[in-house]
Each structure stands twice: as structure tokens, then as C-alpha cells.
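Novice: Residues per chain, in single letters:
Protein chains: 2
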Amino acid sequence: MARRVLSLDLGGTKLAVGVVNDAGEALAERLRLTPVQTSPAQVIQALLDMAEEAVQEVESGWSGLAGVGISFGGPVDFAAGRTLTCHHLPGWESIPLRDEVADRLGLPAIMDNDANVAALGEARFGAARGRRHVLYLTVSTGIGGGLVLDGRPYRGAHSQAGEIGHIIIAPTGPPCTCGRRGCLEALASGPAIARAAREALRAGEASSLAALPRGELTARDVAQAADAGDELARGIMHAAGEALGVAIAAAANLLDPDIVVIGGGVSQAGDLLLAPAREALAAHAVTDIARRIEVVPGQLGPRGALLGAAALALDML
Amino acid sequence: MARRVLSLDLGGTKLAVGVVNDAGEALAERLRLTPVQTSPAQVIQALLDMAEEAVQEVESGWSGLAGVGISFGGPVDFAAGRTLTCHHLPGWESIPLRDEVADRLGLPAIMDNDANVAALGEARFGAARGRRHVLYLTVSTGIGGGLVLDGRPYRGAHSQAGEIGHIIIAPTGPPCTCGRRGCLEALASGPAIARAAREALRAGEASSLAALPRGELTARDVAQAADAGDELARGIMHAAGEALGVAIAAAANLLDPDIVVIGGGVSQAGDLLLAPAREALAAHAVTDIARRIEVVPGQLGPRGALLGAAALALDML
Numbered sequence: 001m002a003r004r005v006l007s008l009d010l011g012g013t014k015l016a017v018g019v020v021n022d023a024g025e026a027l028a029e030r031l032r033l034t035p036v037q038t039s040p041a042q043v044i045q046a047l048l049d050m051a052e053e054a055v056q057e058v059e060s061g062w063s064g065l066a067g068v069g070i071s072f073g074g075p076v077d078f079a080a081g082r083t084l085t086c087h088h089l090p091g092w093e094s095i096p097l098r099d100e101v102a103d104r105l106g107l108p109a110i111m112d113n114d115a116n117v118a119a120l121g122e123a124r125f126g127a128a129r130g131r132r133h134v135l136y137l138t139v140s141t142g143i144g145g146g147l148v149l150d151g152r153p154y155r156g157a158h159s160q161a162g163e164i165g166h167i168i169i170a171p172t173g174p175p176c177t178c179g180r181r182g183c184l185e186a187l188a189s190g191p192a193i194a195r196a197a198r199e200a201l202r203a204g205e206a207s208s209l210a211a212l213p214r215g216e217l218t219a220r221d222v223a224q225a226a227d228a229g230d231e232l233a234r235g236i237m238h239a240a241g242e243a244l245g246v247a248i249a250a251a252a253n254l255l256d257p258d259i260v261v262i263g264g265g266v267s268q269a270g271d272l273l274l275a276p277a278r279e280a281l282a283a284h285a286v287t288d289i290a291r292r293i294e295v296v297p298g299q300l301g302p303r304g305a306l307l308g309a310a311a312l313a314l315d316m317l
Numbered sequence: 001m002a003r004r005v006l007s008l009d010l011g012g013t014k015l016a017v018g019v020v021n022d023a024g025e026a027l028a029e030r031l032r033l034t035p036v037q038t039s040p041a042q043v044i045q046a047l048l049d050m051a052e053e054a055v056q057e058v059e060s061g062w063s064g065l066a067g068v069g070i071s072f073g074g075p076v077d078f079a080a081g082r083t084l085t086c087h088h089l090p091g092w093e094s095i096p097l098r099d100e101v102a103d104r105l106g107l108p109a110i111m112d113n114d115a116n117v118a119a120l121g122e123a124r125f126g127a128a129r130g131r132r133h134v135l136y137l138t139v140s141t142g143i144g145g146g147l148v149l150d151g152r153p154y155r156g157a158h159s160q161a162g163e164i165g166h167i168i169i170a171p172t173g174p175p176c177t178c179g180r181r182g183c184l185e186a187l188a189s190g191p192a193i194a195r196a197a198r199e200a201l202r203a204g205e206a207s208s209l210a211a212l213p214r215g216e217l218t219a220r221d222v223a224q225a226a227d228a229g230d231e232l233a234r235g236i237m238h239a240a241g242e243a244l245g246v247a248i249a250a251a252a253n254l255l256d257p258d259i260v261v262i263g264g265g266v267s268q269a270g271d272l273l274l275a276p277a278r279e280a281l282a283a284h285a286v287t288d289i290a291r292r293i294e295v296v297p298g299q300l301g302p303r304g305a306l307l308g309a310a311a312l313a314l315d316m317l
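Taken in sequence, the protein lines are chains A and B. First residue of the first sequence: 1, per the numbering used here; consecutive thereafter. First residue of the second sequence: 1, per the numbering used here; consecutive thereafter.
Think of the hints as simulated: they come from the structure by calculation, not from any bench. Don't take every hint at face value.
With beta-carbon atoms standing in for the labels, derived distance ranges [to be verified]:
{"#": "1", "chain 1": "B", "residue 1": "GLN56", "chain 2": "A", "residue 2": "ILE289", "range": "52 to 60 Å"}
{"#": "2", "chain 1": "A", "residue 1": "GLU231", "chain 2": "B", "residue 2": "GLY301", "range": "36 to 44 Å"}
{"#": "3", "chain 1": "B", "residue 1": "ARG181", "chain 2": "A", "residue 2": "ARG292", "range": "39 to 47 Å"}
{"#": "4", "chain 1": "A", "residue 1": "GLY215", "chain 2": "B", "residue 2": "ARG181", "range": "55 to 63 Å"}
{"#": "5", "chain 1": "A", "residue 1": "ALA23", "chain 2": "B", "residue 2": "PRO90", "range": "29 to 37 Å"}
{"#": "6", "chain 1": "A", "residue 1": "PRO96", "chain 2": "B", "residue 2": "ALA275", "range": "34 to 42 Å"}
{"#": "7", "chain 1": "B", "residue 1": "GLY91", "chain 2": "A", "residue 2": "ILE289", "range": "52 to 60 Å"}
{"#": "8", "chain 1": "B", "residue 1": "GLY270", "chain 2": "A", "residue 2": "ARG292", "range": "47 to 55 Å"}
{"#": "9", "chain 1": "A", "residue 1": "GLU231", "chain 2": "B", "residue 2": "THR13", "range": "49 to 57 Å"}
{"#": "10", "chain 1": "A", "residue 1": "ARG292", "chain 2": "B", "residue 2": "LEU27", "range": "54 to 62 Å"}
{"#": "11", "chain 1": "A", "residue 1": "ALA282", "chain 2": "B", "residue 2": "GLN56", "range": "31 to 39 Å"}
From the structure, some residues in chain B lie toward chain A, with a derived Cβ separation under 10 Å [unchecked claim]:
{"#": "12", "residue": "THR13"}
{"#": "13", "residue": "LEU15"}
{"#": "14", "residue": "ILE44"}
{"#": "15", "residue": "ILE164"}
{"#": "16", "residue": "ARG180"}
{"#": "17", "residue": "SER207"}
{"#": "18", "residue": "ALA210"}
{"#": "19", "residue": "VAL246"}
Owing to the predicted nature of the structure, the values given are computational and were not obtained by experimental measurement. All C-beta atoms in this analysis are idealised placements derived from N, C-alpha and C, irrespective of residue type, glycine included.
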């Protein structure tokens with residue numbers, strides 16, 4: 001029988017649970033919105049309840065599971081198996097989530113942050129299958145990264161590696177949540193794209209986006225308008241993609257990856273974002289090899305963390 | 001008996017050869033300027049002649065040597081053991097230097113580029129002894145880098161990792177040799193520092209440097225004037241160090257190293273360069289941990305490549 005693991009994805013927006021085999025196939029899954037205003041203990045209980053349901057759906061149940069992989073939506077201390085904090089949920093400072101789950105389920109467990117986990121998911125089961133050196137970026141509310149180097153997750157000295165969102169692209173650019181200006185995240189994240197559109201509309205630029213309620217404008221709206229040929233929207237997506245490409249070039253010059261994978265909600269914009277990113281990479285990479293590094297969209301979408309956590313558990317066994 | 005290896009350092013300026021033991025002690029050394037206008041075959045012969053002399057000086061001679069490590073002053077194909085090119089010497093495209101040396105000496109050989117090798121040297125025998133994750137920068141005529149990750153040299157998918165000199169710090173800054181503007185190398189390399197001084201003098205700024213022949217001004221002159229209290233020179237060194245710190249922050253955010261080591265000739269300026277680099281790192285790093293990463297000068301100086309090549313050979317055995 002193929003090995004099976006339980007996979008838990010604890011994010012600020014959703015909780016997901018899966019029973020996954022070593023081919024990266026989910027044999028059973030559960031998904032729900034993350035309950036807000038609840039304690040970590042309640043969130044953990046909700047995950048374990050979902051796990052119970054999913055596991056019972058699969059033949060051989062708990063006895064068929066070899067371990068548990070956990071994706072956490074915030075920074076973790078990997079070695080200690082503790083969360084450090086969560087930007088979206090209260091009370092998650094220094095929770096020993098890995099050991100809590102392991103103890104309650106009686107299974108070996110392993111935990112990492114969602115960007116690292118998604119990078120591993122794409123490397124094992126997705127767009128970077130078979131590649132040894134993978135640079136993964138998630139472009140969403142923020143911009144994060146994960147590295148798979150020499151075939152293994154690379155976490156750095158303090159489990160903090162992968163922060164690519166705050167490389168400065170435009171020193172005099174828009175303010176970033178980190179307090180500086182012109183970071184990649186301030187130029188290419190979902191909120192940055194939406195803000196660029198709002199500011200252009202406020203300045204009176206013509207666009208089909210003017211018909212939408214300005215306060216609720218999202219990056220998805222901008223991408224859809226761009227897709228439909230709106231010039232302003234196309235320009236905004238192009239600028240975001242270009243910023244992404246400049247940051248990718250800096251990272252690719254340093255790391256010489258086999259492939260660059262872009263995940264996260266904003267990456268659904270596809271070539272609207274990736275084509276200018278590839279152009280900027282070609283313009284800013286130092287070597288001929290780096291100029292030609294593939295930049296591809298993730299294949300696992302929102303299931304990246306779930307399948308990546310499974311890969312993490314399978315690697316541990 | 002401690003293990004001993006032969007170490008060869010083939011650079012654009014100098015050739016160095018050493019017999020080195022596993023404590024990183026050179027038991028015999030030879031050093032000469034690299035002959036210009038000579039073929040690779042002649043340069044190799046010069047290195048092997050120096051090796052013969054050095055080895056004969058050590059008790060047990062050739063029979064005491066377990067292998068050869070080679071540092072090459074340009075990009076290499078590590079897996080193939082071939083040079084790719086050398087920016088300072090003609091004819092070094094695709095020379096199978098590793099196997100040529102191994103065949104002629106009858107010893108196992110290994111080769112890498114000088115920045116990777118110097119990084120490993122500092123990690124094994126120098127400023128980063130005992131650290132697992134090391135970011136090394138060499139600040140000299142150009143700016144290069146080398147990575148030791150998880151205790152091992154990290155080379156990337158095509159032996160091209162470590163290029164940190166062309167991260168863009170100031171998009172509208174001075175032109176770089178790579179054709180773009182405001183790269184780290186265009187702001188903090190030796191020639192960039194000298195150019196900044198020349199331009200300031202040309203613009204009529206007051207400085208003790210005005211007494212020197214402007215066309216021959218070097219980064220060393222600027223550092224010495226800064227050390228003596230010259231305000232213009234201090235400002236130029238500060239700006240170079242700041243650019244260095246911004247680039248280090250970007251790399252540290254991505255890689256979460258234990259320590260950052262700065263080598264290369266310009267690093268001899270010490271805190272004139274490193275103090276502003278540390279300040280800029282603290283201002284530009286994302287996490288508290290990254291803000292506090294140590295930034296230290298290399299300890300091996302111009303012998304970094306020689307001792308690093310020895311470490312490379314010792315690791316191979």
C-alpha cells in the first residue's frame with residue numbers, strides 16, 4: 001500500500017485537512033473558513049474534528065496513516081515545532097502546535113510556514129516536480145517566498161529564510177506595511193495592485209474600473225479588466241509584473257535556481273503578471289543562464305499548502 | 001599524521017600555491033604575479049612549477065598529499081570541472097582545468113570559483129568557523145558572493161549562485177559595467193568608490209584627496225583619507241557601506257544566514273565600510289533576527305582562496 005499521511009493547513013482565511021498519498025493525491029479532504037475570534041485551542045479542535053471526518057472516509061482509517069504534516073499561516077520556529085505569531089489570528093504566539101497535534105493523534109508530526117510548505121508542494125507534486133533548486137514566490141495579500149535547495153526545504157539559521165517581499169525595487173515608491181518605501185510587496189501584492197488602480201482613478205485616468213465601487217476595488221478586478229483589454233489595468237498589471245521580475249532577478253542571481261514558481265491568489269492573473277516578470281528577469285539577470293530561467297505559475301493553487309504539508313510529512317518518514 | 005592537500009589559487013592578479021593541513025595551516029607557500037599575455041597551458045605550467053617547489057619543502061613531499069583544491073578567478077562549471085571564462089586572462093574559455101591538474105599530479109582534484117572558495121575558507125578556517133549558514137561577499141574590483149548553506153558550499157543549478165553584485169540599489173544611480181544603473185557593484189566596488197571621489201573633486205568639493213593625481217585615485221586612497229578624518233572621503237565610504245548593507249539585507253531576508261562575512265581588498269577599510277553596512281542592514285532587514293545578524297570582516301584576507309581551496313579538497317576526501 002502506498003504511504004499515506006494526514007495534512008493540516010491552518011491559514012488566516014481557511015482551514016483545510018486532507019488524507020494524502022505519496023503520489024500527492026488527496027483521498028479525502030475537508031475545508032472550512034477559519035473561525036475568527038477563537039482561541040488557538042478552538043482552532044486546533046476544529047482542525048482535529050475535520051481530520052476525524054476525513055480519515056474515517058478513507059479505508060483503513062487512522063491505522064493507515066504514517067504521520068502528520070502541518071502548514072501554518074505565519075512564521076514558525078521549525079526546530080522547536082512552535083508558531084511564532086500569526087498576522088491574521090490572535091493568540092498564536094509561541095504555540096507548540098507540532099507536538100500538540102502529535103500527542104493528540106499519536107502520530108509523528110512536522111510543521112513549517114505556509115510559503116515553505118507550498119514551495120515544497122510545488123517541488124514534489126506541482127510545477128517544479130523533479131527540479132532540485134526551486135525559488136517559490138506567493139503573491140497574495142503579502143509577498144512571501146520559499147526555497148527548495150538541493151532538493152530539500154531550505155529554512156536558514158532561524159527558520160526565517162524566504163522573505164523576498166521586502167527587497168526594495170523603487171526607493172521612492174509607495175509606502176510598504178513594513179515602514180519603508182518601494183518594497184516588492186508595496187508594488188506587486190494584491191493590495192498594492194488595487195491601490196495603484198484607485199490612485200490612477202482618483203487622478204482621473206480613464207478605465208472600465210471607474211464603473212466599480214472604488215473602495216472595494218481588488219487586484220482581481222484589475223486583472224479581469226486587464227484581461228478584457230483595459231489599458232490602465234494592463235499598465236498596472238505590467239508594472240506589478242515588472243517589479244516581480246526585478247526581485248526574481250536579484251534572487252536568481254544569488255541562488256541560480258532551476259525554476260521560479262509563482263503561486264498565491266494574484267498569480268491567477270497568469271501572463272498579465274508573468275510575461276512582464278519574465279521580461280524584467282531577462283533584463284536584470286547577470287548571466288545568460290539566469291536570463292533564461294523558467295518563471296511558471298504554480299500548479300497546486302490554494303491546495304499547495306495542503307499537498308506541501310503532506311510532502312513535508314512524507315519526507316520526514 | 002594530519003591530512004594534507006595541495007591548494008592552487010589561479011587569479012587574474014596573482015598565482016598562489018600552498019601545502020595546507022586540515023587545521024588550515026599552510027606548511028609551504030609560493031606566490032607570484034600572474035604572467036600576462038600567456039596561454040592557459042603556460043599558466044598551468046607556472047602553477048605546477050610553484051607546486052613542485054612548495055611540495056619539496058614539506059616533509060614526505062608528494063606522498064603526503066591526499067588531493068588538490070583549485071580556486072579559479074572566474075566562473076566555472078563545477079560539475080564538469082571546467083572554466084567558463086576569465087575576465088582578466090585570455091583563452092580561459094572551457095578549459096578542463098580540474099582534470100588536467102588531476103592527471104598531471106596523479107591526485108584527485110576539485111575546483112570552484114574564487115568567491116565560493118573564499119566563502120568556504122572563511123567558514124572552515126576564518127571568520128565564520130563553526131557557522132552553518134554563511135553569506136560571503138568579496139568587495140574588490142567587482143563585487144561577488146559565495147554561499148555556504150547547511151554547512152556546504154551552495155552552487156545552484158548551473159554553478160552560478162552567489163552573484164550579489166548586481167542587485168539594484170539605486171535605479172537612477174551611476175552606470176554599472178553590466179549595462180544597467182545603480183547596481184551594488186556600481187556603488188560600492190573599489191572602482192565605484194574611486195569614481196565617486198573623482199566626481200566629487202571635479203565638482204569642486206574640498207578634500208585632502210585633491211592633492212593626489214586625480215586619474216590615479218583608488219578606493220584605498222579614499223579609505224585612507226576617510227581614516228584620517230577627511231569629510232568627503234568619509235561620506236563616500238559611508239555611502240558605499242550603506243549600499244552594501246541594503247544588498248546584505250535583501251540577501252539576509254532571503255537566506256537567513258548565521259553570519260555575513262565581507263572579504264576582498266576594499267573590506268580592509270573595516271568599520272568605515274562595515275559600520276554603515278550594519279546600520280543599513282538593521283534598517284532594511286524584515287525580522288528582528290535579520291537586523292541583528294553579524295556582519296564581520298573576513299579573517300583570511302588575500303589567502304582566503306588558497307585556504308578555501310584547501311578546505312574544498314579536504315571536504316572532497
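Novice: Take the hints in turn and mark each one as holding or not.
Specialist: For each hint, the structure was consulted:
no.: 1; hint: B:GLN56 <-> A:ILE289: 52 to 60 Å; in the structure: 42 Å, violated
no.: 2; hint: A:GLU231 <-> B:GLY301: 36 to 44 Å; in the structure: 57 Å, violated
no.: 3; hint: B:ARG181 <-> A:ARG292: 39 to 47 Å; in the structure: 23 Å, violated
no.: 4; hint: A:GLY215 <-> B:ARG181: 55 to 63 Å; in the structure: 38 Å, violated
no.: 5; hint: A:ALA23 <-> B:PRO90: 29 to 37 Å; in the structure: 53 Å, violated
no.: 6; hint: A:PRO96 <-> B:ALA275: 34 to 42 Å; in the structure: 40 Å, holds
no.: 7; hint: B:GLY91 <-> A:ILE289: 52 to 60 Å; in the structure: 22 Å, violated
no.: 8; hint: B:GLY270 <-> A:ARG292: 47 to 55 Å; in the structure: 40 Å, violated
no.: 9; hint: A:GLU231 <-> B:THR13: 49 to 57 Å; in the structure: 54 Å, holds
no.: 10; hint: A:ARG292 <-> B:LEU27: 54 to 62 Å; in the structure: 45 Å, violated
no.: 11; hint: A:ALA282 <-> B:GLN56: 31 to 39 Å; in the structure: 52 Å, violated
no.: 12; hint: THR13; in the structure: 22 Å, violated
no.: 13; hint: LEU15; in the structure: 26 Å, violated
no.: 14; hint: ILE44; in the structure: 25 Å, violated
no.: 15; hint: ILE164; in the structure: 6 Å, holds
no.: 16; hint: ARG180; in the structure: 7 Å, holds
no.: 17; hint: SER207; in the structure: 27 Å, violated
no.: 18; hint: ALA210; in the structure: 31 Å, violated
no.: 19; hint: VAL246; in the structure: 7 Å, holds
Checked against the numbered hints given earlier, this structure breaks hints 1, 2, 3, 4, 5, 7, 8, 10, 11, 12, 13, 14, 17, 18; the rest are met.
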